[in-house]
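K.L.:
As a plain string of letters, each chain reads:
Protein chains: 2
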Amino acid sequence: MEIAQPYLLFLGDVPDALAAKTGLGIVDWRPEWCLGQLRLPGCQADAGIADLTIDEAAARGCKTMIVGAVNAGGVLPNHWVAPIVAALHAGLDIASGLHMKLADDPEIAAAAKRTGRKLHDVRHSSERFATGKGTKRTGLRLLTVGTDCSVGKKYTALALEKAMRTRGFDADFRATGQTGVFISGRGAAIDAVVADFISGAVEWISPAAAENHWDLVEGQGSLFHPSFAGVSLGLLHGAQPDAFVVCHEPTRTRMRGVQHALPTIQQVIDLTIACGTLTNPAIRCTGIAINTEKLGEDAARAYCADVAAAHGLPATDPIRFGVDSLVDEIARIWGPK
Amino acid sequence: MEIAQPYLLFLGDVPDALAAKTGLGIVDWRPEWCLGQLRLPGCQADAGIADLTIDEAAARGCKTMIVGAVNAGGVLPNHWVAPIVAALHAGLDIASGLHMKLADDPEIAAAAKRTGRKLHDVRHSSERFATGKGTKRTGLRLLTVGTDCSVGKKYTALALEKAMRTRGFDADFRATGQTGVFISGRGAAIDAVVADFISGAVEWISPAAAENHWDLVEGQGSLFHPSFAGVSLGLLHGAQPDAFVVCHEPTRTRMRGVQHALPTIQQVIDLTIACGTLTNPAIRCTGIAINTEKLGEDAARAYCADVAAAHGLPATDPIRFGVDSLVDEIARIWGPK
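Just so you know, the sequences run in chain order A and V.
The first sequence begins at 1 in this note's numbering and counts up one residue at a time.
The second sequence begins at 1 in this note's numbering and counts up one residue at a time.
Please note that a few of the clues may not be correct.
Unchecked claim - One-sided and incomplete, this derived list gives chain A residues near chain V with beta-carbon spacing under 7 Å:
id	residue
1	18
2	131
3	133
4	193
5	194
6	198
7	226
8	227
9	229
10	230
11	234
12	237
13	258
14	260
15	278
16	279
What the hints contain is simulated information worked out from the structure, not anything from laboratory work.
All C-beta atoms in this analysis are idealised placements derived from N, C-alpha and C, irrespective of residue type, glycine included.
Take these sequences, add in the hints, and give me the full structure.
P.N.:
Shown next as structure tokens:
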């Protein structure tokens with residue numbers, strides 16, 4: 001899936017910022033791609049960018065309208081159809097993170113057909129992938145892995161991209177989840193791919209590159225999550241990372257959605273190396289990213305210091321303390337850029 | 001997917017037995033379900049059961065016609081449509097292992113709608129699964145795992161079902177692949193499930209059962225196969241096996257379809273236990289199934305003896321030497337039935 005930039009963000013009339021978090025996340029990481037937002041009367045979310053009509057957005061060169069908000073249930077409300085159809089007629093593609101497919105709405109399907117514009121559903125995979133081959137590709141790769149779901153894997157990969165680019169690295173974030181695809185303009189929601197093609201899809205997401213190019217691959221789930229470990233393993237094999245960063249949320253006691261306790265950081269390091277060796281024998285852990293949101297400042301700093309000392313690796317909260325220490329470790333091992 | 005029995009096997013006009021191997025496999029394992037075969041002029045395959053017309057099959061009580069043969073390319077030849085439509089009108093459901101969906105043929109779709117009969121495409125998953133929960137279910141489970149794809153995992157599970165039933169065990173084969181679904185009448189092609197639902201699908205395939213009931217779960221792929229390990233891991237977590245049998249083909253030097261060497265049997269045992277512990281801490285290896293097809297009789301016997309001695313576990317070729325030694329080990333650990 002490749003989504004044309006720049007974007008007009010459609011936020012609908014959602015009741016709060018949380019319902020628009022996909023759209024707000026795009027503005028956070030790709031402000032230069034977001035020319036404006038389209039909000040319907042009553043919308044309580046605000047991305048802090050220009051309010052544009054569809055015609056204004058088209059005139060300024062927007063190529064895609066992103067449906068970056070979700071109503072309760074993930075369905076498409078009837079009153080969102082007219083602006084989507086209008087955007088198609090104004091020459092924009094539409095990209096959506098809703099559970100339902102855009103083309104399942106007959107009016108939207110007909111308008112897309114008439115105007116020849118594209119409909120992207122990032123939760124659904126229409127791309128045909130090959131099965132993974134596991135053959136080593138050129139270029140360097142870092143994968144974020146986790147002790148659980150929703151512990152900061154996407155954020156860490158994006159923060160690394162930003163910090164590495166600032167320091168002169170040739171580095172690209174590679175999306176494997178819905179929001180990530182909007183942010184990178186390319187990728188696939190790996191959890192929506194047919195099971196036989198997980199690693200093959202990741203080989204497509206992170207293709208061969210220049211020797212010193214870094215792909216920062218967004219991780220998913222956890223090798224220790226009983227619902228999603230298959231996705232995580234296929235992603236590990238397909239990404240064949242040289243480096244990985246373990247993401248962890250220290251106050252969580254149960255894995256998301258199930259009764260299982262979290263694994264330790266060391267267990268994740270050990271199993272990631274044991275399995276990752278299959279497609280990259282040189283795989284190594286280069287750091288730990290801690291989501292300390294629920295800890296006070298002093299406790300967060302102490303926790304990171306303890307984890308770093310225990311594992312002999314840099315440990316940081318990417319949001320609170322930045323990722324410079326993680327980039328330092330990469331520069332130490334593979335060179336400054 | 002639940003397929004009504006008994007079956008009429010449709011073998012088309014395929015040029016050899018290999019093209020009808022799905023149908024022949026059903027007769028091997030479920031002769032009592034196969035009332036007859038329907039062969040078109042020129043068919044070079046023969047399941048060795050009665051040739052029946054569609055009307056004869058319907059009169060004898062056949063509930064489903066199985067498209068148990070594959071033409072080159074897996075497509076549906078035009079001249080197979082008429083007998084399929086006729087079977088629908090005679091009151092039979094249709095189940096197919098072709099790559100293309102039966103309902104993608106407009107005549108078949110229309111006939112199914114008019115007659116109210118079911119179309120089953122075992123290569124496609126229409127079932128909606130929940131995500132896996134990883135919670136321990138009652139009953140005992142054995143999973144066949146492999147050093148590679150296509151090393152005898154389905155055959156071993158089916159042979160165990162047969163031998164255990166003969167010895168009075170309450171045991172059911174549980175299908176996770178296309179041919180297996182025809183043989184069990186229920187199951188799902190796990191490699192066709194959306195990645196997020198692999199372990200959840202297996203939880204559906206092998207539900208909670210009586211305390212001394214054995215599910216013999218058909219394995220897929222290998223934890224060491226770079227194309228399919230994600231499927232194998234989700235299957236392991238979903239099956240939460242008490243016992244597993246490692247299947248191996250000793251003359252193979254490269255894994256199927258890729259450049260990677262095969263893992264050792266011991267590596268498979270170790271990683272299966274390391275990962276399987278997540279959903280069943282009591283998981284253990286109970287034997288090794290060797291596909292000795294390419295070895296002479298003496299070499300095969302010696303190889304099995306060597307493997308058994310090296311691992312302290314029974315090792316046998318299920319086809320050549322039967323699975324009694326594997327059942328003995330199960331009986332020794334969990335009781336005779």
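K.L.:
Report the numbers of all earlier hints that the structure fails to satisfy, in ascending order.
P.N.:
1
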